[in-house]
Amino acid sequence: MTNVYIEGIGMTKFGKFVDKSMKQLLVEASIEALEDAGNPKVDAVFVGNFMGGSIGNQEILSALVANELGLGYIPTAKVEGACASGGIALRQGIIGILSGEYDTVLIAGVEKMKHASTADVTQAINAAMDNDSNEKQAGLTFPGFFGVLANRYFYETEATKEHLAMIALKNRENALNNPLAQFQKPTTMEEIMEARIITSPLGLFDCSPTTDGAAALVITRKKGAIHIRSSAQSSGPTQMQDADDLLSLPAVRESGRLAYEKAGVGPEDIDVVEIHDCFSMTEMLAIEELGFFNKREGWLAVEQGRTKATGDKPVNTSGGLLSRGHPIGATGVAQMYQLVQQLRGTAPNQVEHARLALAQNLGGTGSYSTVHILERL
Amino acid sequence: MKVYQCDQCEYASVSNKYRCPSCRTGQLQEQDVSSKGSVYSYTNIHIAPAEFAHLAPYTVALIQLDESKAKVTARTDGNVEIGDVAELDYVEDGAYIYRKC
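Respectively, the protein sequence lines represent chains C and A.
Note that the working numbering numbers the first sequence so that position 59 is 530, with each residue one more than the last.
Note that the working numbering numbers the second sequence so that position 30 is 47, with each residue one more than the last.
Rather than coming from a laboratory, the hints here were simulated on the basis of the structure.
Cβ atoms here follow ideal geometry from the backbone N, Cα and C, with glycine treated the same way.
Any given hint could be a false lead.
[Said to hold, decoys possible] 30 Å max Cα-Cα, derived DSS-like pairs, lysine-lysine:
hint, chain 1, residue 1, chain 2, residue 2
1, A, 53, A, 19
2, C, 694, C, 784
3, C, 766, A, 19
4, C, 632, A, 117
5, C, 784, C, 512
[Unchecked claim] Covered by chain C, per the in silico footprint, the following chain A stretches (three or more residues, Cβ under 8 Å):
hint, region
6, 19-27
7, 41-54
8, 75-84
9, 88-94
10, 106-117
All chains, please: the whole structure from these sequences, using the hints.
This is how it looks when you write it as structure tokens:
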């Protein structure tokens with residue numbers, strides 16, 4: 472129990488916005504969240520961002536927000552944890568309130584990626600690998616890492632590329648109902664299966680896109696309708712070759728275990744889930760690591776439609792990273808945007824009577840993971 | 018092939034660490050082992066970062082060494098399948114380049 476509450480949410484549309492600066496996206500989402508919360512006095516700002524410096528030549532993001540919005544001379548900081556930057560930023564805000572230092576904190580996440588070439592973005596993302604390793608020098612990439620995992624998963628189970636395609640199709644179908652999602656064009660199993668290969672066996676639809684976008688939250692100690700029941704974070708291997716079990720993401724498993732323990736609930740109690748599906752294969756492993764399904768049996772649950780919006784364990788009703796889009800630093804915050812809507816009863820692909828919701832945000836080759844459990848009071 | 022074996026527990030890695038990350042007390046000792054191993058898994062990378070774009074498509078494989086618990090991430094000369102036996106061909110810019118035996 473954190474006794475910290477989410478009072479306001481905001482999010483830009485995700486997609487390609489060449490005419491908007493990173494600051495504009497950040498400020499738009501922040502204003503929406505502050506207005507949603509009734510414009511409270513803010514004591515601190517934490518911004519999740521990964522590559523603003525490397526491909527945008529823009530840092531001091533949190534000070535920009537405080538300054539543009541006239542929040543006063545309050546403390547602010549940018550938080551970097553690769554693709555988990557947003558989830559970790561949220562956690563810093565929660566800890567700040569728990570410490571007694573702050574009453575109300577603005578959390579935001581942003582990334583602007585569409586102006587750069589795929590090769591340059593892939594290169595910038597590779598900063599989340601260990602430079603001082605033979606692994607990076609071999610030419611491994613993040614899609615490559617999850618491609619290696621997928622081939623091993625196929626080898627050890629009866630899963631095939633078709634099961635990954637089912638995940639990609641599910642998330643696209645969910646995105647069709649989400650007006651803020653990047654991809655709103657319907658697709659088919661055939662199109663997904665025949666798409667060009669990125670890192671075998673992963674094709675174009677198995678990989679999250681590059682995206683521009685921002686999301687924001689206002690969290691406070693003042694009691695409200697959406698309670699952050701627990702916040703947890705863990706670390707994991709920074710190199711694939713050092714993994715004990717290639718088909719495990721220990722950071723996901725451990726952050727999930729801690730979040731359940733702190734919240735006093737189990738995976739069976741969770742009504743709706745946002746998972747870090749940077750690749751279809753990542754969603755497959757995460758639904759197992761978070762205890763929703765047995766290890767090596769996630770593919771069976773996918774085949775049975777159990778993770779669809781209409782299933783017994785709805786995963787990524789927003790469209791997920793695969794179809795809502797993945798502006799890296801904004802992703803962990805955007806997950807909360809969707810879950811708060813689910814608990815308010817106003818979400819795209821609304822799950823009936825949703826009371827407990829879980830978000831899991833991943834960074835690096837399983838190097839960081841955060842899990843937050845939300846509760847409707 | 019050099020591997021780093023903990024002198025207190027079973028931990029082994031191809032990359033040296035400041036101390037054993039498993040038992041946190043042992044020191045890692047350099048050992049020479051055969052580079053021979055089998056392909057544990059792999060991927061063919063078609064879309065590469067700028068610095069490797071000239072090599073694409075290329076294959077990256079995770080090799081389970083025969084004589085150590087350690088695995089090694091390597092680039093391979095040509096396509097491979099899980100279970101293929103492979104050995105080190107040469108080292109280039111810090112990367113291990115393996116080929117099928």
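Evaluation of the provided hints:
At roughly 12 Å between alpha-carbon atoms, residue 53 (chain A) and residue 19 (chain A) fall within 30 Å of each other, so this suggested pair holds. Simply put, residue 694 (chain C) and residue 784 (chain C) have alpha-carbon atoms about 28 Å apart, close enough for the 30 Å limit, and the pair holds. Between residue 766 (chain C) and residue 19 (chain A) the CA atoms are separated by roughly 33 Å; this puts the pair beyond 30 Å, and the hint is violated. With a C-alpha separation of about 25 Å, the suggested pairing of residue 632 (chain C) with residue 117 (chain A) holds against the 30 Å cut-off.
With a CA separation close to 38 Å, the supplied pair residue 784 (chain C) and residue 512 (chain C) exceeds the 30 Å bound. Residue count for the region 19-27 of chain A with a Cβ under 8 Å from a Cβ of chain C: 0. That is fewer than the three needed, and the coverage hint is violated. Beta-carbon proximity to chain C at under 8 Å applies to 0 residues in the region 41-54 of chain A; the threshold of 3 is not reached and the given coverage is violated. Coverage of the region 75-84 of chain A by chain C holds in this model, with 4 residues showing a Cβ closer than 8 Å to a Cβ of that chain against a need of three.
For the region 88-94 of chain A, the stated coverage by chain C is satisfied: 5 residues place a CB nearer than 8 Å to a CB of that chain, which reaches the threshold of 3. For the region 106-117 of chain A, the stated coverage by chain C is satisfied: 4 residues place a CB nearer than 8 Å to a CB of that chain, which reaches the threshold of 3.
Checked against the numbered hints given earlier, this structure breaks hints 3, 5, 6, 7; the rest are met.
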